[in-house]
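Chemist: Residues per chain, in single letters:
Protein chains: 2
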Amino acid sequence: MHGTRTLEPFAAEEFTKRLRAVGEEGYHDKHPFHLLMHEGKLTKAQLQAWIANRFYYQAIIPKKDATILSKSDDPAFRRAWIHRIIDHDGTKEGEGGIRKWLVLAEAAGMQREDVESFRYVLPGVRFAVDGYLMFVQTHSLMEAVASSLTELFAPKLHTVRLPVFEEHYPWVDKKGLEYFRSRLIQAPRDVEYGLQYVLEHCTTRELQEKAIVALTTKCYILWSLLDSLYFAHISPGWPPPLWPR
Amino acid sequence: MHGTRTLEPFAAEEFTKRLRAVGEEGYHDKHPFHLLMHEGKLTKAQLQAWIANRFYYQAIIPKKDATILSKSDDPAFRRAWIHRIIDHDGTKEGEGGIRKWLVLAEAAGMQREDVESFRYVLPGVRFAVDGYLMFVQTHSLMEAVASSLTELFAPKLHTVRLPVFEEHYPWVDKKGLEYFRSRLIQAPRDVEYGLQYVLEHCTTRELQEKAIVALTTKCYILWSLLDSLYFAHISPGWPPPLWPR
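First to last, the protein sequences are chains A and B. Okay, so the first sequence: first residue is 12 according to the working numbering, each after it adds one. Okay, so the second sequence: first residue is 12 according to the working numbering, each after it adds one.
Hints listed in this document are in silico derivations from the structure and should not be mistaken for laboratory results. Careful, some of the hints might be misleading.
In this list, chains with the same sequence are indistinguishable; a pair is considered to hold if it fits within one copy or across any two.
What the hints assert, rightly or not - In silico DSBU-like links for lysine-lysine, alpha-carbon gap of 35 Å or less:
| # | residue 1 | residue 2 |
| --- | --- | --- |
| 1 | K41 | K185 |
| 2 | K103 | K221 |
| 3 | K28 | K52 |
| 4 | K103 | K74 |
Keep in mind that this is a model prediction, so the values were computed, not measured.
Make a model of the complete structure from these sequences and hints.
Modeler: Dropping the structure here:
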């Protein structure tokens, strides 16, 4: 499209820099909804809306990672990737990241059934998150892995989330913050592997460009989720008609 | 879920009334972006943004209708439905609804290539419209047909669009309005068939409820498209970072 086929691939360092640049500009930690959250300016209802909507994202993560597993021919890759599913689902009832998110929801004063039913998930959030699953289903293994590289930018965010919640939202019961604590350990381990995989498998400029587009698309998904929350719950503050159902 | 399996199906008249009620509350003619458009209050850039983003929707319609065709075992149904694809694609280069929309874009001062490339399509619009295609791919033929029933509510909107454009946006060249003119004839013919199909094939209350959910989902898609336009181009007026690419 841009004649990238004929160009030399970027060296690993330059390619990594370009991947990081996507996050520096487009990762959702810079979204106005996120800024308000971390400044402690969300009302209880707004923070609850974030927790309920973000749960829809949490809930599809294992399906996304199972789709990635299903694309790989390499047992070593699958062994390295499968723990992401286990991290989210746990090894028995009452464990795992999804469960921890529901504990957060309850700690923030919500009914578990209201969150699990996706009742308060905005249509725009559904479309964006479903789009993430569809992206992974319809793209190459490398692109699917590249779309996961938003983890490159997550640890900084998770580090501040714990003190933010403790300071600004003291009405959220402490036991609800376990999810953030566990991600501090899991995400850096995951991203090391994902980044290495993308660096190794992008052997041409064209593949490198595809990786950058995949990561950009993922940033749009996370950003779009917060756009919908901002639009419905902050300004102009218009949830859609016919909702919730 | 609601024990609907045990309930008697609604009579045709009541069922039709309930389908229409979805549009009365949720069809996008009531969206603030649409109200501004029809009051003549959009700037040139805002109207152009609508045309460019709505083109992404226009462009997937034949793919959506081909998916519907592919689900039917009945030649009579396929014969009745196929003309929708032909309406949009035409029978030769330079014809059809998609081409007419590009003529509208040019009449509104845009470069055809900027519109065809989807360069100015907002990520949230992509997710919603892709979600429509995915809905049709992953649901039954009846639900896919029911999701098309937003046509029930379109003719009223198309009727006013012509005078609205002529009065409020005189800078749009008249030759660009052919799309709206053609839909005045096509949509009422289409909807008659689609409504009849849904009435005949929803033989239980459960199926009727599924049809209502399908139509509601479609309303969310159209509504979400305008939410994204409003958020990026009117208020708060924040297009996402990394966009357009």
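Chemist: With reference to the structure, classify each hint as holding or not holding.
Modeler: Hints, verified against the model:
no.: 1; hint: K41 to K185; in the structure: within (26 Å within a copy, 43 Å between copies)
no.: 2; hint: K103 to K221; in the structure: between (37 Å within a copy, 34 Å between copies)
no.: 3; hint: K28 to K52; in the structure: within (33 Å within a copy, 44 Å between copies)
no.: 4; hint: K103 to K74; in the structure: within (17 Å within a copy, 42 Å between copies)
When each numbered hint is compared with the structure, no violation occurs for any of them.
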